[in-house]
Amino acid sequence: MSFYDKFVNSVSNLKSKLSKNPTTADNVSGALAAELTIIVCLLISAILLRHISVIASVIMILFIVVLLFTNVPIAPKLKKEQDDSLSKMTFYAILALGVIIAAIYWGLKYV
Amino acid sequence: MMDMLIPLMVIIPIICALMVNILHGKDKLMRWVSLIVAIIFPIIAIIASLGTQYFGGHNSSLISSALPATLASVSSLSPGIVYVFANINRIFIFLVGIVVFLSLFTYFSERKKLSGPYLFLIFMGVASVTALLLSNDIFNMYVFFEIVALTQVGIIIASSSEYKYETAFKYLILGSIGGPMLLLGIGFILAVVGSVNIADIVAVISTNVVNPLATPLIFAFALMFFGWLYVSGLPPFHTIKSELYSRARPNGAAILQAFSVICMIAFGIAIYRIFVYVPFFKPAIIIFSLLAMVLGVSMALMQNDFRRMIAFLAVGELGFIGLGFGIGTQLSITAALFQAANELIITALLFIGFGTVYYLTKTSDTKKLGGLITVSPKMAIMVLLGGFAMAGVPPFNGFQSKIMLVQSALNAGLPELAIVAVIVSIVTFFTFVKAFHTVYLQPKPANLKFAHKKIPAIATFSVAVLLIICLILGILPDLVTKIFIPFAGGLI
Chain A
1 MSFYDKFVNS
11 VSNLKSKLSK
21 NPTTADNVSG
31 ALAAELTIIV
41 CLLISAILLR
51 HISVIASVIM
61 ILFIVVLLFT
71 NVPIAPKLKK
81 EQDDSLSKMT
91 FYAILALGVI
101 IAAIYWGLKY
111 V
Chain B
1 MMDMLIPLMV
11 IIPIICALMV
21 NILHGKDKLM
31 RWVSLIVAII
41 FPIIAIIASL
51 GTQYFGGHNS
61 SLISSALPAT
71 LASVSSLSPG
81 IVYVFANINR
91 IFIFLVGIVV
101 FLSLFTYFSE
111 RKKLSGPYLF
121 LIFMGVASVT
131 ALLLSNDIFN
141 MYVFFEIVAL
151 TQVGIIIASS
161 SEYKYETAFK
171 YLILGSIGGP
181 MLLLGIGFIL
191 AVVGSVNIAD
201 IVAVISTNVV
211 NPLATPLIFA
221 FALMFFGWLY
231 VSGLPPFHTI
241 KSELYSRARP
251 NGAAILQAFS
261 VICMIAFGIA
271 IYRIFVYVPF
281 FKPAIIIFSL
291 LAMVLGVSMA
301 LMQNDFRRMI
311 AFLAVGELGF
321 IGLGFGIGTQ
331 LSITAALFQA
341 ANELIITALL
351 FIGFGTVYYL
361 TKTSDTKKLG
371 GLITVSPKMA
381 IMVLLGGFAM
391 AGVPPFNGFQ
401 SKIMLVQSAL
411 NAGLPELAIV
421 AVIVSIVTFF
431 TFVKAFHTVY
441 LQPKPANLKF
451 AHKKIPAIAT
461 FSVAVLLIIC
471 LILGILPDLV
481 TKIFIPFAGG
491 LI
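Taken in order, these protein sequences are the chains called A and B. Residue numbers for the first sequence follow this note's numbering, so the first one is 1 and each next one is one higher. Residue numbers for the second sequence follow this note's numbering, so the first one is 1 and each next one is one higher.
The set of hints was computed from the structure by calculation and includes no laboratory data. For every residue, glycine included, the Cβ atom is placed at its ideal position computed from N, Cα and C. Each hint should be verified, as a subset may be incorrect.
List of simulated lysine-lysine pairs, DSSO-like, C-alpha gap at most 30 Å [to be verified]:
id : chain 1 : residue 1 : chain 2 : residue 2
1  : B       : LYS434    : B       : LYS28
2  : B       : LYS26     : B       : LYS113
3  : B       : LYS453    : B       : LYS164
4  : A       : LYS80     : B       : LYS368
5  : B       : LYS282    : A       : LYS88
6  : A       : LYS6      : B       : LYS368
7  : A       : LYS77     : B       : LYS368
8  : A       : LYS109    : A       : LYS6
9  : A       : LYS88     : B       : LYS367
10 : B       : LYS367    : A       : LYS6
11 : A       : LYS77     : B       : LYS434
12 : B       : LYS282    : B       : LYS164
13 : B       : LYS164    : A       : LYS80
14 : A       : LYS77     : A       : LYS6
15 : B       : LYS28     : A       : LYS80
16 : A       : LYS88     : B       : LYS434
17 : B       : LYS28     : B       : LYS453
18 : B       : LYS434    : A       : LYS6
19 : B       : LYS367    : B       : LYS282
20 : A       : LYS109    : B       : LYS282
21 : B       : LYS282    : B       : LYS368
22 : B       : LYS164    : A       : LYS88
23 : B       : LYS164    : A       : LYS77
24 : B       : LYS367    : A       : LYS77
25 : B       : LYS434    : B       : LYS454
26 : B       : LYS454    : B       : LYS112
27 : B       : LYS282    : B       : LYS444
28 : B       : LYS367    : B       : LYS449
Counterexamples of contact, computed for chain A against chain B with all Cβ distances above 12 Å [stated by the list, open to error]:
id : residue
29 : ASN27
30 : LEU62
31 : LEU67
32 : ILE94
Short, incomplete list of chain A residues facing chain B, as computed with Cβ under 7 Å [unchecked claim]:
id : residue
33 : ILE39
34 : CYS41
35 : ILE47
36 : LEU49
37 : MET89
38 : ILE104
Given these sequences and hints, build the entire structure.
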């Protein structure tokens, strides 16, 4: 199955759960553009780590590449995670709070 | 020297809010009172002289000579509310005034029966964001922000959206996580420093009166940073903010996003002044700004609802503002402030402009729309140009602020950020053109029904005014950057 077919199926599956409207070229082109945007921005952002450590940057890029190979398409999954569900919004808010507190409080010991 | 016009910028909208609520039912009178205040408000911001207003406190410079030498240091502390009115405040208050005036003007043209409580909420919100911007005291800023948050909830409830109560409820629940964390952070600062006045906190920390890396201060930074994400609508709060904008009346959404931008700027500047020395400060801002940019634009790409699409794009644009603060150079902070001013105007233009589509058809589902360029070609072209401004196409204002941001990232040795900024701008352009094609250019669906036949002339006027401002700021960016540059220099 080609990447495009895989992509169309993924968008169709997600859409069928969210609404009864048929999947259109508009939906797929949007999701495909979103997918490419996410992949490119993830990889470029990972290069930013070179300011801390080049090795960390390489490891992060390899990690992202593996993540991408095993999880594409990401965009429809990301959309599913960012729907209007209160439980998901609350979960991510609390997760972010935990990560921020942990990274800033304990991370400071290593600065 | 005190200038009594400074507190009037807060007091007049509050009085107006109370009046329109009392006048509910007397539409003509409400319309006039609201319009007069909406016109006076930006005018006051222009004519008020710069200065400091001491509320219930004292002017330290006046009493320091009268105090004994042992108390000289005490005289510099500010126990009351202090309003500081600088040129940067003038610009933002003026722009908020313009957006509120044009949004209300459009609201009046679209509805024969007005709602007193709705207008009350808008004017209370205006008073609160103005006070937030003027205040030099983080506790007062928090209080004013909570009033803004409550007015935002009220504005949603006052809309005709199907899911208005659900959205308002969700915003309150998430606010009950973000708001208390912000307050807790302020509490930690008060416990360590003994003051909530920003100038006093900065003085105490910078002179090492307290240990700048003391655990409670670091904790305060983490909590206030999380609170700032909530205030701004940056991830993880981007979904609720975008839902909030998309559920409001389009002219209400224009005001809501203006409130969010002002809150982001006011708290962003306060946190920058207090915590810029913390080692993780700039990286933390950059990470969340990048997340906002990428998530905002990628989610916007996948929307079928054009109001939700603009809402996500607005969130993505907030990331550009954050990025400027995160890079932390004079040029980048100038670009961030300029971007904030631009976003206020451009997003309002898009909400009001695309809002006319909702006014005509009572739907924002792009699948049900098409061919609307034949109904109002003028509006379609202006909305298209507004989209160009948001994407950063010259000669509009968005181009100027984004090119400054890209330049500052390159100068700071962070070309990756410049590349991401350019990519996100290109994708914003693509998103917008796709939505424009669907709504205006593709063949009109046979079953498309119209609730109104024509767009109100006032809506066209409002969008035209906002577009002219975009063009003026794009051609003459110095009008505002000459004020932002020294301010940013002082901040770093």
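Structure-based check of all given hints:
1. LYS434/B with LYS28/B: violated, 41 Å
2. LYS26/B with LYS113/B: Holds. LYS26/B to LYS113/B sits at ~9 Å (cutoff 30 Å).
3. LYS453/B with LYS164/B: Holds, at roughly 27 Å.
4. LYS80/A with LYS368/B: holds, 23 Å
5. LYS282/B with LYS88/A: Cα-Cα ~28 Å, so holds.
6. LYS6/A with LYS368/B: Between LYS6/A and LYS368/B the Cα gap is close to 27 Å, so the pair holds against 30 Å.
7. LYS77/A with LYS368/B: holds, 25 Å
8. LYS109/A with LYS6/A: violated, 45 Å
9. LYS88/A with LYS367/B: With a Cα-Cα distance of about 27 Å, the restraint between LYS88/A and LYS367/B holds, given a limit of 30 Å.
10. LYS367/B with LYS6/A: Given pair LYS367/B, LYS6/A holds - Cα atoms ~24 Å apart, limit 30 Å.
11. LYS77/A with LYS434/B: Satisfied, since the Cα-Cα distance of roughly 22 Å is no more than 30 Å.
12. LYS282/B with LYS164/B: violated, 37 Å
13. LYS164/B with LYS80/A: Judged against 30 Å, a Cα distance of about 21 Å means the pair holds.
14. LYS77/A with LYS6/A: It holds: about 13 Å lies between the C-alpha atoms, which stays within 30 Å.
15. LYS28/B with LYS80/A: Given pair LYS28/B, LYS80/A is violated - Cα atoms ~47 Å apart, limit 30 Å.
16. LYS88/A with LYS434/B: Roughly 29 Å separates the two Cα atoms, so the pair holds.
17. LYS28/B with LYS453/B: holds, 24 Å
18. LYS434/B with LYS6/A: holds, 23 Å
19. LYS367/B with LYS282/B: violated, 42 Å
20. LYS109/A with LYS282/B: holds, 17 Å
21. LYS282/B with LYS368/B: Not satisfied, since the Cα-Cα distance of roughly 44 Å exceeds 30 Å.
22. LYS164/B with LYS88/A: Holds, at about 19 Å.
23. LYS164/B with LYS77/A: The given pair, whose Cα atoms are some 26 Å apart, holds under the 30 Å limit.
24. LYS367/B with LYS77/A: holds, 22 Å
25. LYS434/B with LYS454/B: Status holds; Cα separation ~24 Å.
26. LYS454/B with LYS112/B: With Cα atoms ~15 Å apart, LYS454/B and LYS112/B stay inside 30 Å; holds.
27. LYS282/B with LYS444/B: Given that 30 Å is the threshold and the Cα spacing comes to 49 Å, the pair is violated.
28. LYS367/B with LYS449/B: holds, 13 Å
29. ASN27: For ASN27/A, whose nearest Cβ neighbour in chain B is about 7 Å away, the distance does not exceed 12 Å, so it is violated.
30. LEU62: Label holds. Min Cβ-Cβ 17 Å, cutoff 12 Å.
31. LEU67: holds, 15 Å
32. ILE94: Nearest chain B Cβ is 7 Å from ILE94/A, so the label is violated.
33. ILE39: At about 10 Å, which exceeds the 7 Å cut-off, the nearest Cβ of chain B leaves the hint on ILE39/A violated.
34. CYS41: CYS41/A check passes; min Cβ-Cβ to chain B is 4 Å, inside 7 Å.
35. ILE47: holds, 5 Å
36. LEU49: Hint violated; LEU49/A Cβ to chain B Cβ min 10 Å, cut 7 Å.
37. MET89: holds, 6 Å
38. ILE104: The hint holds - ILE104/A has a Cβ within 7 Å of chain B, the shortest such distance being about 4 Å.
Hint violations for this structure: numbers 1, 8, 12, 15, 19, 21, 27, 29, 32, 33 and 36, all remaining hints satisfied.
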